[in-house]
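Protein chains in written order, with the working numbering: chain C, 1 to 198; chain V, 1 to 178.
Be aware that one or more of the hints could be misleading.
[Stated by the list, open to error] Quick list of in silico lysine-lysine cross-link-like pairs, BS3-like style, CA-CA up to 30 Å:
id : chain 1 : residue 1 : chain 2 : residue 2
1  : V       : Lys120    : C       : Lys87
2  : C       : Lys87     : V       : Lys4
3  : C       : Lys87     : V       : Lys177
4  : V       : Lys4      : C       : Lys57
5  : C       : Lys159    : V       : Lys72
6  : V       : Lys158    : C       : Lys87
7  : C       : Lys135    : V       : Lys34
8  : V       : Lys94     : V       : Lys34
To be clear, the hints were calculated from the coordinates, so they are not data collected in a lab.
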Amino acid sequence: MQISGRKIDDFKFDRKGITPPLPILLRLVPLLFYCSIAVTIILSVIYLIEYRLSVQKRDSHTAQAESLAAETQEALKHCTGLESQIKIATDIESWVSGSRPLQPLIVEIARSMGPRATIVDLRLDRDPNAPAQLKLAIKLGTDSTKQLDFTLEKIAGQKYRAFSPQQTLGRNELDYIATLVWQDPSARSVQPSPPNEQ
Amino acid sequence: MNSKHLACGIVALFIVLLVQATMWVQKASAAMQKEAANAQSSEKTASEALGQGRVQLADLRRQSANLITFLKTWQPYFQTLDNPQSAEINFTMKVKESNLVNLSQRFEPVDVKGNASVPKAMRAILIFEDDYVRLLNWLGQIEASMPTVRVSSTHFTKGTRANDLRMEVAIDQPLIKK
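This is chain V alone, in the form it adopts within the complex (with noise of 0.2 Å):
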């Protein structure tokens, strides 16, 4: 081997090279083309979960339309007592408001069976014993200016004079959960 194999042997080397060279080149240019179309079907799938979200999210407003409605009707009556204390407040100004005779009143917090948003409730137990007209009147006035409460049992019995009537009434403020 003479020194012209050898040069000839280095430029063939440098030919290896050069052709490796366009080879990674090429290599990183396919690697890219497949991030590329990678993120091409990344991008397709994030608009497919758009469109499915978004159907169901307008399938949920049409179905909810009237349950929504409902709710902006009523949320801010429920919102207005929210708390023990102001529940038996108002009930007491309630029973003051009315010149009846109260025999008795007393106030109890309640659970709520099966309502997650409403899971507590002020019971007011209050006897009245009146005129059966202004105690119906009363009762009547109550569950009108009160939406949101219920009466939960009421039990009417002969009062002690003849247009009188004993009036045993346990009345349930909704307490809403924040």
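So here's chain C without its partners, still in its complex pose (with noise of 0.2 Å):
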């Protein structure tokens, strides 16, 4: 059997064509290689825990803030409904106490009248800007101022304070205007007496 030259030659000699080994530093890389496979698990292991727990603690404050969100919308709701019914209070207080009964006003000076005394003419306006205002015009049938004092007192029994008078005095006639503003310290504006059922 014969052996071409060439293979001799090979088990003789080196192998032509082999690399060098790498240098130190380089030797490295295959362990750092390992190193870095072992430090990523870990390390995005331990950044997804963290991960899914932020996750979660988002969710639980986003809903959180929402539920409370929708809470405050609801007070501010109640708010808005509620100064709308203050409003409407104030508006129905305001007609209440521009319409207080004028009969027992005008019974209370029918009353007052004495024996030689006559009511000739008696008007009681309320002032359209302001009708909790009384203008009253009264003309009496009598000669004598003593008359309408009494009037005027029977008047402030029934809490009505006259202001801006001015009366005349004629042949057997005395005329008197004045503006009524009602007044009872012991009232609460708010709270007037409640109506009786129709």
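Need the complex rebuilt from these two chains, each delivered in its own frame; the hints are there to steer you.
Structure follows, in structure tokens:
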């Protein structure tokens, strides 16, 4: 059996084309690779756990914030409704305070007349801009101011106070004009007596 | 550069990729932590806003308690008659029931100044001539039985008979805004 000269040559001499070994520093690269795989896995697991916990925390806080915001909206809605009711109540109070019954006042004025006095003309008008104020114009058939004083006392007894009075005494007639304002320090303006049943 | 250097370079590239991947995961985690912190901050803000809203509501309730009680007492009476037709019919019925000598009656809608909730009223302008006791009793009865009405004007003069009075009265029935 013949062996080619080239193969014999391979056994006798060092192989040609074998690369020289890597320097020491580069030999650490594979070791670094294995270490980096281990560190990557460990750190990634830690970060993923943190991520999951953060997601849970975020969702929980977001849900809570939404719930609180909804409650805030509800509270503000109640506030708006209440403000609207307060406005209506104030308007109604304004109407009611300007609608105090006049009949008791008229009856008191009529009853205050003495035997020698008569009411010739009596007018009570509410001021359209301030309905709680009454414009009283009365013409008495009397020649004395005593009757007027007595009538004014009766009016004061009904808790009306006269402002800007003007009186003219003629022959057997006395004209009196004043603005009456209802005043009762003991009354609370927001709570007038409730109405009777209709 | 031989194949060993090439292999070393590829492994080094893998190391860089692993480091990049780890950094990416870390970055995502940090971003999520920031989002969680923002959500916590939002929750705190919402909680403070709710606290303020509740305090405001409680204050408003406390301050308006009397007004709301007042409103609950009076509102039903204002809602009984809320249109001009029913107000007019009601006035007509009251006049008929009174059996007083009614010289004239007319109705007109009037605007109420400075009152947004009661913007209009139906005004009845009535003229009677009858016994003064009956007239005054009727007026008192109207003011008691229709507590929301406003007698905006009255004018009394002597009647034709001794005990008679001529009474001209303007009564406003409020028409509450629906």
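To see whether the hints hold, each was checked on the structure:
no.: 1; hint: V:Lys120 / C:Lys87; in the structure: holds, 16 Å
no.: 2; hint: C:Lys87 / V:Lys4; in the structure: violated, 90 Å
no.: 3; hint: C:Lys87 / V:Lys177; in the structure: holds, 12 Å
no.: 4; hint: V:Lys4 / C:Lys57; in the structure: violated, 49 Å
no.: 5; hint: C:Lys159 / V:Lys72; in the structure: holds, 27 Å
no.: 6; hint: V:Lys158 / C:Lys87; in the structure: violated, 44 Å
no.: 7; hint: C:Lys135 / V:Lys34; in the structure: violated, 73 Å
no.: 8; hint: V:Lys94 / V:Lys34; in the structure: violated, 75 Å
This entry does not satisfy hints 2, 4, 6, 7 and 8, going by the numbered hints stated previously.
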